[in-house]
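Novice: Listed here are the chains, written in short residue letters.
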Amino acid sequence: MTNLEKYTNAFVEAFDVDAETAKTLKYQAIEAWDSVGHMGLTAALESAFDIMMEPEDIIDLSSFEKGKEILSTKYGVEF
Amino acid sequence: MEKNVIITGSNRGIGKAILKKFAKEGCNIWACARSPKKEFEDELKEIADKNGVWIEPIYFDLTSSESIKTGFKQIWASKKKIDVLVNNAGIAFIDLFQLTPEQKIRETFEVNVFSVMTLTQLVLKMMTRQHSGAIVNMASIGGIDAYPAHCAYGASKAAVIGFTKALSSEMAQWGIRVNAVAPGATETDMIVSFENKSGGNLLKNCAMKRKAKPEEIANTVYFLSSDEAAFINGQVIRVDGGST
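Line by line, the protein sequences give chains Z and L.
In terms of the working numbering, the numbers along the first sequence are unbroken and rise by one, the last being 821.
In terms of the working numbering, the numbers along the second sequence are unbroken and rise by one, the last being 272.
Take the hints with a grain of salt, since some may be wrong.
Unchecked claim - Derived SDA-like pairs (lysine to any residue); straight-line CA-CA distance at most 25 Å:
| # | chain 1 | residue 1 | chain 2 | residue 2 |
| --- | --- | --- | --- | --- |
| 1 | Z | Lys748 | L | Lys109 |
| 2 | L | Lys97 | Z | Glu747 |
| 3 | L | Lys109 | Z | Ile772 |
| 4 | Z | Lys816 | L | Lys48 |
| 5 | L | Lys109 | Z | Glu796 |
What the hints assert, rightly or not - Calculated Cβ distances over 10 Å to all of chain Z for the following chain L residues:
| # | residue |
| --- | --- |
| 6 | Lys66 |
| 7 | Ile119 |
| 8 | Gln201 |
To be verified - Incomplete in silico selection of chain L near chain Z, CB under 10 Å:
| # | residue |
| --- | --- |
| 9 | Lys97 |
| 10 | Tyr175 |
| 11 | Arg238 |
Derived by calculation from the structure, the hints in this document are not laboratory data.
All C-beta atoms, glycine included, are put in the ideal place defined by N, C-alpha and C.
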């Protein structure tokens, strides 16, 4: 499984959406991505990539695309 | 109960009693302390062997969030489940408010409050994934009642109580319970600074007219972390012999 697939899967599992929808998501754009859902998403990402995200990065994770940027620049995940 | 437990300030006083209690009950322990000491590690090995559990020393400085994170990464790397976090470590600065330097207030809050929040935030990363866990914070009756010379210490422990209650309401949805224990005067090294400033009135309001044994505090911490306390959440349990 590629890193992009692992990353997308975290959104799919956290928010119960399909992969195409996941790629368009922004924070609070759907009901499932509220503050509680956000915690579930970060847990899924930390688990998928074996990383510990800083609170500041968790706050900054405002969309699917932004999350990719954070993971690649700060946690060395290559997409 | 066979659980994996993190205990801060586990090298002396109440923390050591908590460590011994959990080990006796068959729990594995990450024993957190400030700096490595052979005597401490020898004792951990002895307790572990005696009770058939593993006890791993973890060292970090509670005044440094970076040090706490570095220490926690050792626990994280083990990939083991974290069932219980006991935020026990703390410091006491006891003096009249007007004789309390601002630096001492900051230091007291750094260790007693901010380090607790930092470590708890890290541990919750694991507990939320597990959808289970119990956190027990060490408060104090000094954080509930009014005592002279307790402005820094009492305010920090009141903050711990506020944190405990707020966090308990947040984390219940993940099956994580958060409670606190508020000891009265307890037979530890720390009590000396309280005695020196109390003018011999330390037990004046204690119905049982004696100090708690560290083991009595440890028993309450253990109970709150156990499945016996499965429906107790957001509570502060006084262990003070009753106040008059």
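Novice: Output the indices of the hints that this structure fails to meet, ascending.
Specialist: Those not satisfied are hints 2, 3, 4, 8, 10 and 11.
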